[in-house]
Amino acid sequence: MPHTGMSLPIAGTAPFSGANETIRLEEVSFGYGSELVVKDVSLTIPAGAFVTLLGPSGCGKTTLLRLLGGYLVPERGRIFLQGRDVTTLPPNLRQVGMVFQSYALFPHLNARQNVAFGLEVRGRAPAIVRQQVDAVLDRVGLSSEERDRYPSQLSGGQQQRVALARALAFEPPVLLLDEPLASLDRHLREQVRLELCRIHRQSAVTTVMVTHDQEEALASSDIVGVMQSGRLLQVGTPRELYDRPLSPFVARFLGDANLIEGRRLGMNPTALVLIRPERVQIGSNWPGRVMAVNYHGADLVADVQCSDFVLKIRTRAVTELAVGDAIALDLPQDNLWEIPAESTPR
Amino acid sequence: MNRTTSFLSVGPSAALVFGLVISPLLLLLRVSLYEPAVGRGFYSPGTVTLANYATLADSHILSIAGFTLFCGLAVATASLAIAYLLGIFLCSLPARQQLVALGLILVPKTAGLLAMLFGLQRWLPRGLLAAIIAEVYLVLPYSVLVIFIQIRSLNPILGQAARGLGANRWQIFQRVTLPLSFPGMFLAFQLGLMWGLGAFLGPLFLGGPNETTLAVELHRQAFEYGRWPLAAAEAVVLLVLVGSAALGLPAIARLRKVAHL
Amino acid sequence: MIRKLSVFIVGWGVICVLLAPVLHTIWVSFSPDSFLTPPTTVWSIKWYLAFLHDQRWLNATLRSLMVAGMSAVLAVIAGTPAAWSLRKMSLPHQRLLSLLFLLPALIPPATLGFGLLPLVYFTGLWGTTLGMVLVHTAIGLPIVFLIVRSCVTDQLSELEAAAAGLGASQWAACRRVTIPLLSPILVAAGIAVFVLSLNESLVSIFLATPTNETLPAVTWPQLRYSPNPMVAVASCVTAVVGMSGVLLVLRLIGLQRGPRLKRINSPLHRI
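Protein chains in written order, with my numbering: chain W, 1 to 346; chain P, 1 to 261; chain U, 1 to 271.
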């Protein structure tokens, strides 16, 4: 079984290896009182990457984002932005744009004035401010009549564009997004996500996004870091994390997972073996009986009781399956991934 | 935010309170330990005595302290009861009427205090009832405010949930609204008690000779007889009463909670 | 329906009872003679004219307005930063400071007035308007503190954080975000202190001398010993100013419906 160690998170992520780093965290910890919310997080992010911090609520991902922005100061560890130690630098002296989950638009300023804020406090000339505000609002696609409206007169999606434009207006090298899609309607979410990716590509700003939605994370990012109770469990490309998770938590958090004890498959008896439902094939080696069937339109998801374990399988809906059917499955060696035993805390 | 900023921002207010509220109280404590004046002046400087407190143990002043206590409890109870009714009434009103009603309730205390006393004087003969009523008029606006804010902060969904579970209006009130508004009621009662103990204007303008509270008595001792040390000792006793209402009531409430468990 | 009607009648009935003495006083103030019976057939503004021609009443009124205005401004200036900075402190500090700033409202005014007597005497503030202003500022502090603290919400903190993230220094964030957002509240708090100061009789009773007496201080001895329609007029003057103040405060705090501040004011609708 091939194993990738946790050593250098980004090592092996082809498009970025050797690129300039923008952000480096060195064993950063943060806590409220005695409880640590972020524990010894180390991470290096290359310039221009789209990184997603993924984890359940309360895992410390938003805290980590706020540490990056300078809104919180770590208890231990150091933070570097573009090679400069900014650990204790207040947010107004870091060049980091942030989109808050609540958007935090200034209610007493209209869209244009909100976007101009970062330029005005930097003392830019009014003419330049006006020009840059219009340019960035063009980029996020806010129509001209919406630009004179106040936040309370804008829809959620429009508010989000303004917040994004405001964060980008002063051209920071780093953009932080705190659950940017969470407060949007389901049908808007995919559209905004694509726009975020487009804007990221166009501006080449190093972007760190926080989310609890694994589909969002897998679809948008170059690099995903999975967090659980304050720790960064694993960092890698979406495919790496999905196919070769280093812990059962990561395996389960990134989608449906069959985790089977190694001895039942005649493999390493101390390890857990992962096979994704869509990698299970209908064949001949493992006879079983269908226990439950869920129809998902394009796909069928079924639970199959094999000799002494249950397998979830996902197949094209053209296959007809019914509860009680006898069926035989194949588990191709190439599709099995052994989760190393020593890195299975729970 | 660093130390300097927080010091600068809290400093002026703290200076005001220390200079104009706490230091006068300390000064009172000192004055209460002076011997009464011989001849001119308000007290004999440089003396220290506990005699003023011994004088307080006299039956006349004990009865005044007793009435003060009664006044506090009566004002607190009456204003809590009326304020709760008004609080519920206010919450049942549409937003615009709610503001108008709230404004009208605030008028007697905030806008027309003297006008209110003048009007009450015309109607009520001086006596126990009049003194208490006048004091309730003074305390009520704040009690209503406290209870109104508490009831309004309750989530209306809870009532709907209770209704969905089969509770009728009375049961919703008794099992949901009332228990959840206890904190506000407690605070309103506590404030009513503290202000009722310090009752001055009501008993002064509408009370008879029997309706003398410690506050009225200390004013009389200081201004009519010039006995500052005795008046100061009375003020200290009043402060102790109000202080124990402030600190004692939460302690009793906590004890009761423990007993219930 | 009947239940609703009865709640309606009882509620407004109690409010009417609360207002009745004030209305009665206003009625009496239009009395044509010096009796305290309210006028029925003949009404007159004779006592209002007398009020306007009496130097002592006029001076007291002007002084009251001045004291109220100055203490309102001072209380807002002193109380706002205190309430604003409180949320960034540890919980025990918050509790202690809250108690400290609310203390002026919790102490029985008669004891406070009496205690201030020797203090004002020894510090040379005796009989000065400055002394009156300072005392009224201290008394108004709890109102400012309570109103501002209820508006310094997590949402405001987030907006200040956003401003910092966009490059604003602490002072710039304060000037461009905090103060504009809080300004209607600060005005409301100032008016509230103004109204309270105008009606502050208790401490004034203890501290007033002929050189710094406020309107309530002139009113109350007459109210106690020789009530006449002039006292009713004086009471009505404060009442009218006070009521307009209360209306303004409620408008500022409660009826803020403009698009600009809708979001920040939403927690205020609970007041």
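Derived by calculation from the structure, the hints in this document are not laboratory data. Errors might be hidden in some of the hints.
What the hints assert, rightly or not - Coverage of chain U stretches by chain P, computed from C-beta distances (three or more under 8 angstroms per stretch; other residues unrestricted):
no.	region
1	45–56
2	63–69
3	88–100
4	103–114
5	222–231
Stated by the list, open to error - Away from chain W, derived, C-beta distances all over 12 angstroms, residues of chain U:
no.	residue
6	9
7	19
8	30
9	42
10	122
11	128
12	157
13	167
14	175
All values derive from a computational prediction rather than experimental measurement. The beta carbon of each residue, even a glycine, is placed where N, CA and C say it ideally should be.
To see whether the hints hold, each was checked on the structure:
As drawn, the region 45–56 of chain U meets chain P at 0 residues by the rule of a beta-carbon pair under 8 angstroms; below three, the given contact is violated. For the region 63–69 of chain U, the stated coverage by chain P is not satisfied: 0 residues place a CB nearer than 8 angstroms to a CB of that chain, which falls below the threshold of 3. Figure legend: the region 88–100 of chain U, annotated as covered by chain P; annotation consistent (4 residues with Cβ-Cβ distances under 8 angstroms, at least 3 required). Remark: the region 103–114 of chain U is confirmed as covered by chain P, as 10 of its residues place a Cβ nearer than 8 angstroms to a Cβ of that chain, reaching the required three.
Residues of the region 222–231 of chain U with a Cβ under 8 angstroms from some Cβ of chain P number 4, which satisfies the need for three, so the listed coverage holds. The Cβ of residue 9/U lies farther than 12 angstroms from every Cβ of chain W, with a closest approach of about 38 angstroms, so its non-interface assignment holds. Against the 12 angstroms criterion, residue 19/U stays outside the reach of chain W, whose nearest CB is about 36 angstroms from its own CB. Non-interface status of residue 30/U relative to chain W is upheld: no Cβ of that chain comes within 12 angstroms, the nearest being about 46 angstroms off.
Listed as a non-interface residue, residue 42/U keeps its Cβ farther than 12 angstroms from every Cβ of chain W; the least gap is roughly 54 angstroms. Chain W leaves residue 122/U outside its interface by the beta-carbon criterion, the shortest separation being 46 angstroms against a cut-off of 12 angstroms. No beta-carbon of chain W comes within 12 angstroms of the beta-carbon of residue 128/U; the shortest separation is about 41 angstroms. A beta-carbon of chain W is positioned within 12 angstroms of the beta-carbon of residue 157/U; the least distance is around 10 angstroms.
With 12 angstroms as the threshold on Cβ separation, the claim that residue 167/U sits away from chain W is violated: the shortest Cβ distance comes to roughly 5 angstroms. Interface exclusion of residue 175/U from chain W breaks down, the closest Cβ pair being 10 angstroms apart, not more than 12 angstroms.
Figure legend: structure checked against the earlier numbered hints; hints not met, in rising order: 1, 2, 12, 13 and 14.
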